[in-house]
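*Asks:* One-letter residues, chain by chain:
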Amino acid sequence: MIRLASVTKRYATGSRPALSDVTLEIGVGEFVFLVGPSGSGKSTLLRLLLREERATAGLVEVAGRDVARIPDRRVPQLRRTVGCVFQDFRLLPDRTVAGNVAFALDVVGRPRHVVRTVVPEVLELVGLAGKEKRFPDELSGGEQQRVAIARAFVGRPRVLLADEPTGNLDPATGSEIMELLEDVNQAGTTVLMATHNAGLVDAMRRRVLELDAGTLVRDERRGGYDAGPVTIPDQRTEPVRPAGGAAG
Amino acid sequence: MRPGPLLAALATSLRRNLAMTCAVVVTVTICLALLGAGLLLRAQARTVDRFLLDQIEVVVDLRDGLTDANRSALRAELAADPLVTKVTYETKKDVYERFRRDFRSSPDVVAGIGPDDLPASFRLTLVDPRDAEEIVYAYTGRDGVEAVRDQRALLGPLYRFLDAFTLGAFALAAAQAVASFTLIYTMIRISAHARRKETAIMRLVGATNATIRAPFVLESALAGLLGGLLAAAVLVLAKIYLVDGRFAHQTMFPLFGWDAVWTAVAVVLAVGVAAAAGMASVALRRHLRV
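Chains as they are written, first to last, in our numbering: chain A, 179 to 426; chain B, 727 to 1016.
Chain B on its own, in the form it takes in the complex:
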């Protein structure tokens, strides 16, 4: 069919089916916004990961009263370890200063700790931060060593939080996808019923299956596109107001950038259009005899 008559058929169908199409757009929007949110959470986990892999250090806390000689010996041993690239010694005072800097936004925490409460330590930069566990295993319990801390392990709860929310967002998106499919299925059924005279005539005069189905698939794809655009708007607004506007002031971790948002937007739009058109094609097999 030429674009003109095809668009006319599409417009008629949309007009007749407005309420149903709106319902589809709303569900698709929610579904795609959740999908986008999941993608952004995953991007955030990766951003944090990248940041930490650069910065992460293993900290060897030293017992108070360790002699200078023993300390030098330990330092030499650490420096000779092939997994370690750099060893820095921090006195109790250095450690306290760092602590005050890291927790400057939580004065209550700082107030409760004095310079003497924190141990002097070696900070180790590793060749590959993922080998931290091996270092922890090797040096824990050595003479003069109070504890070996993998800073990355401290972030376990953060990773679990991000993972859980990502999974939750994807699961909710899947549930919404089911709801969207049900609605699109119903929309096609109603639409096919409303246009049964037209499609019967199309069949009789020799229109091809593709021509008969095209307006239905387009209608659904358009609803998918609208839902995708609305979901994209939600993601962009969330980035501006929620991520940059609020979270950026509350966390010391870097947050995902606009490139992650645009990637999510592209995925959301593509999935919206393709899935809606695909769902419509499935529904048409059931409801439109051609």
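Next comes chain A alone, as it looks inside the complex:
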């Protein structure tokens, strides 16, 4: 679903590359944590997948398409296959819960009857049934993040990128959000979550990719937040799925 081959990203101003010769592969339906200290390149990696940035060198593939070679006018199509959730929720304060979720469908031109049926379904899924008419500032942080996940998921993207989705939440609420992301993953969506939340990563025991100063230093099948005994820092372990199964 996601493939990076020898990807280097150098910003005009940076002294060292934000990403340096990163190669990785994430299969369809996987749940993967992306960890590493601030400035290690996690956000850059996510931005490459959305074509917010272009790689300086190497190949970035999402859903079988070479992201760098998608023409500008086709980039919206890429972004419809990749949902996004952020630490700061990024909800529109002047729209209701339902309005925020419907917005994602409205702006891609989905017909009204689709919006009317799909939005309540997704709100039900994220546990916000009955709160459709609330405004974001009337919700708790956890509820706001649920709205954000609903918005990211309502278009049924094939990949969900989550950048520190629990960063602004207390541990209990963070766990709830993780459960929700697991549900999304169960529905068949590939989830890539960048996080600093060691507790969650350790509890979930999912595949962990660790970046350090732009280099992939760990790719562990059932990893914790910190490198366990199985990790060899300068030698990547095999991806979970073989290359053939990941495409498409």
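It should be emphasised that the hints constitute simulated quantities derived from the structure, not laboratory data. All of these numbers come straight from a predicted model, not from anything done at the bench. Do not take every clue at face value.
Derived coverage of chain B by chain A (criterion: at least 3 residues anywhere in the stretch with Cβ under 8 Å from a Cβ of chain A; other residues may be distant) [to be verified]:
| no. | region |
| --- | --- |
| 1 | 728-741 |
| 2 | 922-929 |
| 3 | 934-945 |
Listed below are the simulated EDC-like cross-link pairs for lysine to aspartate or glutamate, each with C-alpha atoms no more than 20 Å apart in a straight line [claimed, not checked]:
| no. | chain 1 | residue 1 | chain 2 | residue 2 |
| --- | --- | --- | --- | --- |
| 4 | A | 311 | A | 272 |
| 5 | B | 812 | B | 857 |
| 6 | B | 818 | B | 843 |
| 7 | B | 818 | B | 794 |
| 8 | B | 923 | A | 266 |
| 9 | B | 819 | B | 794 |
| 10 | A | 309 | A | 321 |
| 11 | B | 818 | B | 783 |
| 12 | B | 923 | A | 342 |
| 13 | B | 923 | A | 272 |
| 14 | B | 923 | A | 341 |
| 15 | A | 309 | A | 299 |
| 16 | A | 311 | A | 299 |
| 17 | B | 923 | A | 231 |
| 18 | B | 819 | B | 872 |
| 19 | B | 819 | B | 857 |
| 20 | B | 818 | B | 828 |
| 21 | B | 819 | B | 790 |
| 22 | B | 923 | A | 230 |
| 23 | A | 309 | A | 341 |
| 24 | B | 923 | A | 315 |
| 25 | B | 818 | B | 787 |
| 26 | B | 818 | B | 842 |
| 27 | B | 923 | A | 299 |
Glycine is no exception: its CB is placed at the ideal position from the N, C-alpha and C atoms.
Given chain A's structure and the hints, the job is docking chain B onto it.
*Replies:* Just chain B now, with coordinates in the frame of chain A:
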């Protein structure tokens, strides 16, 4: 995007940006009213032209004391000229009567001139009034000819006046267009800033560039349309109160009709909407990352 959500986005944007939109509407109105005024002045010049081309005559003033024989000879020569279709002789009395008729609204002028002060003359109707200069050249200085006057030349000052005002109106419209562009540019900048969260989300969920830009372009086009409608109202009111209400009683020339007004209105509306939308698109390239 469907029309519903698009209009909702437009309404929100307009509400947030009301003061700025009003400023844009006012400048656009002034700009388009000036453009319309220029168009009407041009229409007026053409109306006068058409009227004069039908009516224009070259007048050959005759010296006093010209003998009947010489006069007949001159008349025969004029009548034989291929540029001339018709020759009419007017006695001193005829000329004086015409003069009194033409200046009936200026009794002071009439009072100062007596029947003997004006020369008898031939009035020539030309095949093409634009050949008047040739006639003037050919007959000036001939025996018994006092002067040859091209009536159209007398209207030089009127044409210069109309031309100058037309040019002035277009120049002011251009200056206002620059001001309008600056304001629309600023409006888009403020609007894009106010809606940056929304547009960022639109981008993330895969809205197309056209969708993201549409509310901004529509907002500007709407301001252009409003400005155009106000400018059209100014033109219509000017026609009713200024042109028909006042000028019509003060001039002997025909004035432009409603067809000229409607043409100007159509141009003003089209230019208003298209230019405002175009200016917004230019500004968006700078202020909205898509």
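*Asks:* Could you run down the list of hints and mark each one as holding or not?
*Replies:* Status of each hint after checking the structure:
no. : hint           : in the structure
1   : 728-741        : holds (count 4)
2   : 922-929        : holds (count 6)
3   : 934-945        : holds (count 4)
4   : A:311 to A:272 : 11 Å, holds
5   : B:812 to B:857 : 14 Å, holds
6   : B:818 to B:843 : 8 Å, holds
7   : B:818 to B:794 : 14 Å, holds
8   : B:923 to A:266 : 12 Å, holds
9   : B:819 to B:794 : 16 Å, holds
10  : A:309 to A:321 : 10 Å, holds
11  : B:818 to B:783 : 17 Å, holds
12  : B:923 to A:342 : 19 Å, holds
13  : B:923 to A:272 : 11 Å, holds
14  : B:923 to A:341 : 17 Å, holds
15  : A:309 to A:299 : 13 Å, holds
16  : A:311 to A:299 : 15 Å, holds
17  : B:923 to A:231 : 19 Å, holds
18  : B:819 to B:872 : 17 Å, holds
19  : B:819 to B:857 : 29 Å, violated
20  : B:818 to B:828 : 15 Å, holds
21  : B:819 to B:790 : 13 Å, holds
22  : B:923 to A:230 : 16 Å, holds
23  : A:309 to A:341 : 25 Å, violated
24  : B:923 to A:315 : 16 Å, holds
25  : B:818 to B:787 : 10 Å, holds
26  : B:818 to B:842 : 7 Å, holds
27  : B:923 to A:299 : 25 Å, violated
Checked against the numbered hints above, the structure violates hints 19, 23 and 27; every other hint is satisfied.
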